[in-house]
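Peer 1: Whole structure, please, built from the sequences with the hints as guidance.
Same order as they appear, the protein sequences are chains A and B. Sequential numbering from 312 applies to the first sequence in the numbering used here. Sequential numbering from 63 applies to the second sequence in the numbering used here.
No wet-lab data here; the hints were simulated from the structure. Given the structure is predicted, the values throughout are model-derived calculations rather than measurements. Glycine is no exception: its CB is placed at the ideal position from the N, C-alpha and C atoms. Treat the hints with caution; some may be incorrect.
List of simulated lysine-lysine pairs, DSSO-like, C-alpha gap at most 30 Å [stated by the list, open to error]: (1) 375(A) / 96(B); (2) 119(B) / 365(A); (3) 532(A) / 112(B); (4) 606(A) / 581(A).
Selected chain B positions facing chain A (in silico; Cβ < 7 Å) [to be verified]: (5) 74; (6) 87; (7) 88; (8) 92; (9) 100; (10) 102; (11) 104.
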Amino acid sequence: MNKYIYFDNAATTVNKPDCVINSAVFAMQKLANPGRSGHDLSLYAASEIYECRKEICRLFGYDKPENVIFTYNATYALNMAIKGFAKNNSHIIISSFEHNSVIRPVHALASDESKNISYSVFNASLDDNGILYDFSSKIRANTEIAVVTLASNVCGKIMPVAKIAEICKKKGIILICDAAQGAGCVPINLKSLGADVLCFAGHKSLYGPQGVGGAVFCTEKKPKTLIEGGNGANSANPNMDGPLPESLEAGTLNTPGICALKAGIKYISKIGIEEIYERNLELIDRLTENLSSVKGVKIYGLSAKRTPTLLFNVRDLSSEAVAGILNENNVCVRSGFHCAPKAHMQLKTGENGAVRASLSFTNTKKEIDAFSYYISRI
Amino acid sequence: MNCVFFIVSSVTYAMKAKNALERHGIPCRVEKIKNVASLGGCGFGIKVPKDYLSVAKNIFFSEGINIAEITDCGAKYG
Numbered sequence: 312m313n314k315y316i317y318f319d320n321a322a323t324t325v326n327k328p329d330c331v332i333n334s335a336v337f338a339m340q341k342l343a344n345p346g347r348s349g350h351d352l353s354l355y356a357a358s359e360i361y362e363c364r365k366e367i368c369r370l371f372g373y374d375k376p377e378n379v380i381f382t383y384n385a386t387y388a389l390n391m392a393i394k395g396f397a398k399n400n401s402h403i404i405i406s407s408f409e410h411n412s413v414i415r416p417v418h419a420l421a422s423d424e425s426k427n428i429s430y431s432v433f434n435a436s437l438d439d440n441g442i443l444y445d446f447s448s449k450i451r452a453n454t455e456i457a458v459v460t461l462a463s464n465v466c467g468k469i470m471p472v473a474k475i476a477e478i479c480k481k482k483g484i485i486l487i488c489d490a491a492q493g494a495g496c497v498p499i500n501l502k503s504l505g506a507d508v509l510c511f512a513g514h515k516s517l518y519g520p521q522g523v524g525g526a527v528f529c530t531e532k533k534p535k536t537l538i539e540g541g542n543g544a545n546s547a548n549p550n551m552d553g554p555l556p557e558s559l560e561a562g563t564l565n566t567p568g569i570c571a572l573k574a575g576i577k578y579i580s581k582i583g584i585e586e587i588y589e590r591n592l593e594l595i596d597r598l599t600e601n602l603s604s605v606k607g608v609k610i611y612g613l614s615a616k617r618t619p620t621l622l623f624n625v626r627d628l629s630s631e632a633v634a635g636i637l638n639e640n641n642v643c644v645r646s647g648f649h650c651a652p653k654a655h656m657q658l659k660t661g662e663n664g665a666v667r668a669s670l671s672f673t674n675t676k677k678e679i680d681a682f683s684y685y686i687s688r689i
Numbered sequence: 063m064n065c066v067f068f069i070v071s072s073v074t075y076a077m078k079a080k081n082a083l084e085r086h087g088i089p090c091r092v093e094k095i096k097n098v099a100s101l102g103g104c105g106f107g108i109k110v111p112k113d114y115l116s117v118a119k120n121i122f123f124s125e126g127i128n129i130a131e132i133t134d135c136g137a138k139y140g
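Peer 2: The following block contains the structure:
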């Protein structure tokens with residue numbers, strides 16, 4: 312296999328560390344169904360799952376492992392929180408930088424006339440004060456939920472979630488934070504962040520495999536269930552109620568994925584999220600500086616606080632054409648709208664999309680310079 | 063058997079209880095209950111030597127671990 316320059320880490324990270332792969336293999340070979348049977352291999356699996364809940368709490372500065380819910384991905388977690396908390400005759404606020412994992416469930420709720428749910432979109436491209444002002448201006452008497460991304464998957468901008476949370480607390484609004492892009496590369500402390508629910512993807516900067524994600528509930532409020540089924544608890548009861556996490560975890564969990572996620576989190580925790588954040592910043596600053604000096608390159612949505620993501624176009628070429636040329640040189644980026652059409656509208660790339668280079672701390676300066684060279688040759 | 067069985071709401075709470083007790087050096091073991099009919103379905107609990115009954119209760123209370131029921135080992139739930 313050719314050596315690739317992989318700058319598509321916002322989609323998923325590759326080259327997972329050996330500890331992640333070994334954990335998944337171990338789970339597939341040795342662990343049974345957690346929380347179902349009473350034999351040693353089932354209890355061992357349950358213990359490993361609980362250890363992952365603890366690891367997630369450690370990473371996010373939280374202290375209730377039982378409030379960590381495992382899902383298939385961040386999209387499922389967001390659907391679970393949004394649809395689970397949505398009430399009839401209510402109003403939802405989302406940012407213009409949300410992914411379709413937020414836009415679509417909110418739109419689906421609003422499209423169901425029987426629910427009488429509406430939503431507003433605030434402008435996420437402003438500075439922090441502008442964002443807070445615009446967010447506040449969208450609040451209505453019946454606003455129940457706000458959904459805000461921790462960091463844009465399009466341009467990497469880190470949103471002032473803690474300040475939005477302060478407003479939400481005063482108004483009694485449930486704040487759901489989409490941390491698909493921030494978890495693992497931006498320091499997160501749930502106690503200071505103030506979000507009621509934090510949704511995460513396991514396979515991006517947490518270095519787990521695809522097929523595992525989750526949500527951390529920091530509120531006593533419980534959402535309605537999205538799906539129901541067996542959860543190993545209180546099984547004679549046809550209602551899937553009871554305490555978290557089982558009341559939101561119907562069906563067999565992805566034990567190999569969760570064990571591998573635990574290993575991934577340990578891997579990044581050993582390096583340190585602050586260290587990862589700093590390394591990323593150094594890399595993305597270098598890439599930004601390099602591309603800024605290439606004639607014909609236009610960069611969009613730069614902000615001071617950001618994940619290692621850069622959005623750009625080259626002259627009047629389509630983003631797909633640029634990504635195609637890069638691929639011929641074994642360089643992986645993502646083009647188009649990145650499942651976040653409102654962000655592209657805001658960043659004035661709504662017609663043809665743009666090229667997204669998203670880095671990881673495992674990338675090197677040499678790769679960035681080679682990438683910049685390829686761009687300069689287009 | 064000279065032990066008590068703390069019945070909790072789920073395997074997650076059984077693991078939480080186990081973690082809490084082990085941090086305090088208290089020997090314990092998570093088990094699935096054997097008499098599911100009397101609990102109204104599957105459930106889990108944690109077995110602790112009887113000598114630690116009161117200290118275990120205090121630990122569970124301080125850690126927010128709700129105990130559904132306490133029985134002697136080998137009695138109602140196995």
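Peer 1: Against the structure shown, which of the earlier numbered hints fail to hold, in ascending order?
Peer 2: Hints 3, 4, 6, 7, 9 contradicted; others consistent.
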